[in-house]
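Engineer: Modelling step: build the complete structure from the supplied sequences, incorporating the hints.
Number of protein chains: 2
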Amino acid sequence: MFREQIKVLDCTIRDGGLINNHYFTDEFVRAVYKALSKSGIDYMEFGYRSSRELFPPEEFGAWKYCDDEKINQVIDGIESNLKISVMVDSYRVKEQIFVSADESPIDMIRAATYVKYMDSAIELIKKCHDLGYETTCNIMAVSREMEPDLVEGLDQLAKSPVDVVYVVDSFGAMYCEQVEYLVKLYGEHLPGKEIGIHCHNQQQLAFANTIEGIIHNANYLDGSLHGIGRGPGNCCLELLMGFLKNPKFNLTSVLKVIQDYMIPMRKEFEWGYIIPYMITGILNEHPRTAIAYRQTDDKDKYAEFYEKMRETQE
Amino acid sequence: MFREQIKVLDCTIRDGGLINNHYFTDEFVRAVYKALSKSGIDYMEFGYRSSRELFPPEEFGAWKYCDDEKINQVIDGIESNLKISVMVDSYRVKEQIFVSADESPIDMIRAATYVKYMDSAIELIKKCHDLGYETTCNIMAVSREMEPDLVEGLDQLAKSPVDVVYVVDSFGAMYCEQVEYLVKLYGEHLPGKEIGIHCHNQQQLAFANTIEGIIHNANYLDGSLHGIGRGPGNCCLELLMGFLKNPKFNLTSVLKVIQDYMIPMRKEFEWGYIIPYMITGILNEHPRTAIAYRQTDDKDKYAEFYEKMRETQE
Numbered sequence: 486m487f488r489e490q491i492k493v494l495d496c497t498i499r500d501g502g503l504i505n506n507h508y509f510t511d512e513f514v515r516a517v518y519k520a521l522s523k524s525g526i527d528y529m530e531f532g533y534r535s536s537r538e539l540f541p542p543e544e545f546g547a548w549k550y551c552d553d554e555k556i557n558q559v560i561d562g563i564e565s566n567l568k569i570s571v572m573v574d575s576y577r578v579k580e581q582i583f584v585s586a587d588e589s590p591i592d593m594i595r596a597a598t599y600v601k602y603m604d605s606a607i608e609l610i611k612k613c614h615d616l617g618y619e620t621t622c623n624i625m626a627v628s629r630e631m632e633p634d635l636v637e638g639l640d641q642l643a644k645s646p647v648d649v650v651y652v653v654d655s656f657g658a659m660y661c662e663q664v665e666y667l668v669k670l671y672g673e674h675l676p677g678k679e680i681g682i683h684c685h686n687q688q689q690l691a692f693a694n695t696i697e698g699i700i701h702n703a704n705y706l707d708g709s710l711h712g713i714g715r716g717p718g719n720c721c722l723e724l725l726m727g728f729l730k731n732p733k734f735n736l737t738s739v740l741k742v743i744q745d746y747m748i749p750m751r752k753e754f755e756w757g758y759i760i761p762y763m764i765t766g767i768l769n770e771h772p773r774t775a776i777a778y779r780q781t782d783d784k785d786k787y788a789e790f791y792e793k794m795r796e797t798q799e
Numbered sequence: 486m487f488r489e490q491i492k493v494l495d496c497t498i499r500d501g502g503l504i505n506n507h508y509f510t511d512e513f514v515r516a517v518y519k520a521l522s523k524s525g526i527d528y529m530e531f532g533y534r535s536s537r538e539l540f541p542p543e544e545f546g547a548w549k550y551c552d553d554e555k556i557n558q559v560i561d562g563i564e565s566n567l568k569i570s571v572m573v574d575s576y577r578v579k580e581q582i583f584v585s586a587d588e589s590p591i592d593m594i595r596a597a598t599y600v601k602y603m604d605s606a607i608e609l610i611k612k613c614h615d616l617g618y619e620t621t622c623n624i625m626a627v628s629r630e631m632e633p634d635l636v637e638g639l640d641q642l643a644k645s646p647v648d649v650v651y652v653v654d655s656f657g658a659m660y661c662e663q664v665e666y667l668v669k670l671y672g673e674h675l676p677g678k679e680i681g682i683h684c685h686n687q688q689q690l691a692f693a694n695t696i697e698g699i700i701h702n703a704n705y706l707d708g709s710l711h712g713i714g715r716g717p718g719n720c721c722l723e724l725l726m727g728f729l730k731n732p733k734f735n736l737t738s739v740l741k742v743i744q745d746y747m748i749p750m751r752k753e754f755e756w757g758y759i760i761p762y763m764i765t766g767i768l769n770e771h772p773r774t775a776i777a778y779r780q781t782d783d784k785d786k787y788a789e790f791y792e793k794m795r796e797t798q799e
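Read top to bottom, the protein sequences are chains A and B. Our numbering puts the first sequence at residues 486 to 799. Our numbering puts the second sequence at residues 486 to 799.
Misleading hints may appear alongside valid ones.
[Stated by the list, open to error] Straight-line C-alpha distance at most 25 Å; calculated BS3-like pairs for lysine-lysine:
| id | chain 1 | residue 1 | chain 2 | residue 2 |
| --- | --- | --- | --- | --- |
| 1 | A | Lys568 | A | Lys730 |
| 2 | B | Lys784 | A | Lys752 |
| 3 | A | Lys519 | B | Lys786 |
| 4 | B | Lys611 | B | Lys492 |
| 5 | B | Lys786 | A | Lys752 |
| 6 | B | Lys733 | A | Lys523 |
| 7 | B | Lys793 | A | Lys730 |
| 8 | B | Lys601 | B | Lys644 |
| 9 | A | Lys733 | B | Lys793 |
| 10 | A | Lys519 | B | Lys793 |
| 11 | A | Lys793 | B | Lys519 |
| 12 | B | Lys752 | A | Lys784 |
| 13 | A | Lys786 | B | Lys678 |
| 14 | A | Lys784 | B | Lys784 |
| 15 | B | Lys793 | A | Lys523 |
| 16 | B | Lys786 | A | Lys730 |
| 17 | A | Lys786 | B | Lys733 |
| 18 | A | Lys492 | A | Lys611 |
| 19 | B | Lys784 | A | Lys523 |
| 20 | B | Lys601 | B | Lys492 |
| 21 | A | Lys793 | B | Lys733 |
| 22 | A | Lys786 | B | Lys523 |
| 23 | B | Lys784 | B | Lys752 |
Hints in this document: simulated from the structure, not taken from any laboratory. Being a predicted model, the structure only gives us computed values, none of them experimental.
Structural biologist: See below:
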């Protein structure tokens, strides 16, 4: 599969940061930036630009805020064509300040929102667009939205300056059929916009669903190193590179950073295919109950967890 | 997804046995049989019916041979509608003896073959069919066969009494597009036969590719508990049950046997998403080089392994 318009975004530091409150070391972030710069990947997402008023700095690492100075410090001296993105939860915005894009290391700002907060996303997108940033809207949890509400949101976005709108499978609940349906629906309602896809791996479908997105013309693809991300994690960047077969990609540098950093890190945090997340995935539920369960002594009592989860749905 | 004709086969003991030379304990095999009997799964595969002359009994456990008496002993006293299958490598047959199906606990015999040994598979299928067994042909390694050879084999099978012909992704190299193509090709050349699908998980696509098979009318589906199998393993049975949503399935009993047996077992053997297997998958190579590499001190030097493997292909 090779299509020139395809752009790949690595969300290792951003989505992985949800596991450890964004406390990655500078050494690790720098190693990832270096490896991705060599790999031919298009974007690297460093974290969130969050408000310190809403999220006190004593509770979170640097990548919860992604200050321009911090990014500049970490990437200093590394030769790179890699673009840099940060995410903003558009419904939890306070004093976040963005300078004009030409004064910032950041190239793209991704507005994450739920359908009901679409207005906040559009406001943020307009502001960032006017400052010269590329913008995306990542509409979360769409597997539980009613279609008219979603379509209304898409139609609003169509009139906004947003560059890319992402289909996000927050709960890892979708099969290829739902991905096909949504990517086509977004395409119809967003003429002239690019469609992106961000999948989670509750059911080992993050990579497959990303391929499904590609087949139906999604051109912005999210992955992370060895699939790191909260709970089951994301589409594995290394798998995506293998599929895309774009000669600009260098898989070796990505494999090297995985062996040097991700394998040791998995002894510290868990992510990947783990049954309680699989259960929330098949039940189309937020992973939070599984995350909490994995902190208890019963963490491997899968049958019991499944029965409990089912009861809450009946 | 619910289609009455769909049959699910668990190959935990058979494909899992490739990791430990078929030395599973009777207690474990019995626990699996009991759990699957409660789960509504259709078939359980116990192992291979191999020749003791070709595979000396001092080197292998009981499930390399699957004697009728051994199977009877292990299932004794368990209430069950589960059908039982065994696999035979049709090109490595010597003195294997089958009694008439009505005197055996075995319901189905699956002939595994490469395209070039198709005649041996058809001979075995005829013999077993005449003894009253259900039969399948599992054509391995088709991702490296030339199409005219494969089609010739399918056309031979069409004239045989075989009940089911499986698309087998031995190298875990296929994407949904290849699965769609082959399942349709098999369907066209095998009128009146059922199509099956058996996937490997090198690229985290075993489950997704099984779904792709279902969409294109494959009705016989292989899975294993927590995906156990050689190297990256198979499609996870628990994921397949979640997708199929057939009310006859009971996922709880499957989750229970996973928590009681598979999680502890994974401390003893490795299987699942492991980068060297991912590399053989994307390169469409037999996993044997990755299996060997995982036995060395270099087992986590992914970048080096990838470079070496690529050299062998250039």
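Engineer: Work down the list of hints and note, for each, if the structure agrees.
Structural biologist: Outcome of the hint check:
| no. | hint | result |
| --- | --- | --- |
| 1 | Lys568/A to Lys730/A | 21 Å, holds |
| 2 | Lys784/B to Lys752/A | 16 Å, holds |
| 3 | Lys519/A to Lys786/B | 19 Å, holds |
| 4 | Lys611/B to Lys492/B | 22 Å, holds |
| 5 | Lys786/B to Lys752/A | 17 Å, holds |
| 6 | Lys733/B to Lys523/A | 51 Å, violated |
| 7 | Lys793/B to Lys730/A | 18 Å, holds |
| 8 | Lys601/B to Lys644/B | 17 Å, holds |
| 9 | Lys733/A to Lys793/B | 20 Å, holds |
| 10 | Lys519/A to Lys793/B | 23 Å, holds |
| 11 | Lys793/A to Lys519/B | 23 Å, holds |
| 12 | Lys752/B to Lys784/A | 16 Å, holds |
| 13 | Lys786/A to Lys678/B | 41 Å, violated |
| 14 | Lys784/A to Lys784/B | 29 Å, violated |
| 15 | Lys793/B to Lys523/A | 19 Å, holds |
| 16 | Lys786/B to Lys730/A | 22 Å, holds |
| 17 | Lys786/A to Lys733/B | 23 Å, holds |
| 18 | Lys492/A to Lys611/A | 22 Å, holds |
| 19 | Lys784/B to Lys523/A | 24 Å, holds |
| 20 | Lys601/B to Lys492/B | 28 Å, violated |
| 21 | Lys793/A to Lys733/B | 20 Å, holds |
| 22 | Lys786/A to Lys523/B | 18 Å, holds |
| 23 | Lys784/B to Lys752/B | 17 Å, holds |
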